[in-house]
Amino acid sequence: MNTPANLKYTQSDEWVQLDGNIATIGITDYAQEQLSDIVYVEITVASGDDVKKNSLVATLESVKAAADVNTPVSGTVLEVNEELGNTPEAVNSDPYGKAWLVKLEIKDPSELNSLMDASAYESYCSNRSH
Amino acid sequence: MFVPHTDTEREQMLRSIGVGSVEKLFDAVPSKYRFPKLDLPQALTEMEAMQQLTDLSLANESARDLACFLGAGAYNHYIPAAVDSIIRRGEFLTAYTPYQPEVSQGTLQAIFEYQSLITNLTGMDVSNASHYDGATATAEAAVMAYHNFRGRRQKFVLSPTVNPQYRETLRTYLQGYEGIEVVGDEKDADPFLRPEDLFSLIDQNTALVVVQYPDFFGRIFDYTALAQKVHEAGALFAVAVNPMALGLFKTPGEFGADIVVGEGQPLGIPMSFGGPYLGIFATRSEFVRKISGRLVGETVDGNGRRGYVLTLTAREQHIRRERATSNICTNQGLIALASTVYMSLLGKNGLREVAELCYHKAHYAAEKIGAIPGYSLCANAPFFHEFLVCCPIPVEEINLHLLDHGILGGYDLGKDYPSLKNHMLIAVTEMNTKEDIDMLCEVLEEVSHE
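Here the protein sequences line up with chains R and G, keeping their order.
The opening position of the first sequence corresponds to residue 24 in this note's numbering, with each subsequent residue numbered one higher.
The opening position of the second sequence corresponds to residue 24 in this note's numbering, with each subsequent residue numbered one higher.
To be clear, the hints were calculated from the coordinates, so they are not data collected in a lab.
Only true hints are included.
Here are the simulated lysine-lysine pairs, DSS-like style, with alpha carbons at most 27 Å apart: (1) G:438 / G:391; (2) R:75 / G:313; (3) R:87 / G:313; (4) G:273 / G:252; (5) R:121 / R:76; (6) G:313 / G:252; (7) G:273 / G:313; (8) G:444 / G:391; (9) R:121 / G:313; (10) G:457 / G:391; (11) G:313 / R:126; (12) R:76 / R:126.
Whenever a hint applies, use it, and build me the whole structure from the sequences.
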């Protein structure tokens with residue numbers, strides 16, 4: 024399981040990368056493996072939308088299940104990854120890179136404080152798989 | 024009787040909703056209607072029952088016995104004997120919509136061919152395996168548009184020239200959606216409205232614009248400019264079609280429709296007092312994941328042999344579940360098959376020939392009726408096989424006279440459009456002979472003198 028150290032993680036398996044006041048959100052390597060082959064990515068927000076912490080930003084569909092992706096942080100949507108509409112498999116092959124889902128401009132970085140760091144997330148996942 | 028729940032389970036359920044007994048659940052039904060004493064006659068023998076039912080059925084006057092000029096959504100066309108002969112094969116007749124698709128290859132292939140024919144006919148990229156009828160298919164277009172914009176666009180523009188039943192069904196389907204506004208077909212709207220009259224209703228909040236082709240009055244418009252206007256506003260454009268007309272006219276795909284819906288009944292399906300019919304639903308490929316219902320795809324198995332699968336369908340029922348935009352998971356399998364056999368028998372040229380026959384006979388009839396004193400043609404636009412006649416006396420009266428002469432008259436538009444009292448919608452198909460039409464004109468002339 025790949026868990027980059029520079030990211031923050033949620034219990035519902037989203038990751039956040041903070042760059043100044045810009046947060047990039049995606050789903051983790053653990054999550055993509057659990058979902059198996061992703062066949063469809065539907066991003067449910069658009070540039071300019073204001074989103075609240077824990078609100079829906081995307082739905083991922085695999086051959087087994089559909090999963091909602093909620094933003095762990097409030098903000099204004101700057102960009103959504105349109106490319107994933109044509110290349111949903113990127114969520115499996117490159118969950119932390121090509122498969123970013125949305126970029127948000129955030130106002131309150133303290134919302135990120137409650138998130139896990141890489142090692143906390145790793146032990147969280149290993150406890151779940153037992 | 025099969026009862027899936029045990030007494031204990033029923034008690035638990037009643038407890039959790041706080042109702043004392045199952046009978047209590049029916050309190051809303053007035054008690055005198057709950058277990059009425061049925062005043063039934065003595066039982067009959069099979070022979071007596073058959074005699075009585077035969078007598079009853081002989082009291083019917085059907086399109087087979089009469090010269091039929093009634094349309095308004097269901098049309099009297101010739102159905103080749105092979106259609107019935109093929110759909111009555113046990114393998115097709117008894118099969119329900121395929122819930123175990125892999126072992127229903129014949130049914131899937133038939134649906135795949137149906138979808139292919141419909142996409143060709145409508146000029147769309149993808150068709151689902153069908154809905155119940157034209158009305159429910161039209162309503163599904165609205166549901167799809169709503170979800171396509173995730174509820175953010177809330178205005179649905181309906182042309183008053185769309186079949187009144189389709190509009191009513193669409194409204195019923197949208198009842199549970201909050202904040203939705205259906206406009207355009209208000210009671211005081213001009214029933215003869217032209218496509219450009221809808222322009223002013225279309226804005227950034229519009230999700231869908233629905234028109235009919237030919238419209239309810241039989242008129243044919245080129246909707247290119249309207250489609251453009253709808254797309255400029257970022258909305259979707261749905262066209263409800265009579266598939267028979269598409270044998271002759273430009274496809275909705277050519278003028279920019281996003282969704283094509285329609286009543287498939289003219290394609291080899293008997294009128295049968297209103298159903299079962301066939302709901303056509305087709306769209307462009309970019310919306311393939313937004314469509315409701317079932318979709319059959321062709322693929323190859325591990326050995327490279329051709330096979331058919333229910334593409335994307337597991338999605339709504341087993342994967343998306345409560346996130347699904349529609350939970351329609353059935354289709355009109357047998358009726359879709361009938362239309363497939365019909366279209367295959369006729370072929371592209373045959374369908375065009377039927378459409379041409381309808382067109383020319385209808386135009387012959389319209390010209391003759393328009394020349395009868397007291398009658399006039401009132402929708403000033405090109406038409407397919409149905410047209411509007413303004414009559415000197417109430418349509419109901421005229422129709423009674425026609426019936427005396429073995430003619431089933433046209434549709435009384437005053438029922439749906441208060442401003443169109445004394446207006447009759449007359450449909451002419453390949454089934455109407457020149458003699459039928461001449462007879463219709465004679466009786467109409469006779470009636471106007473009274």
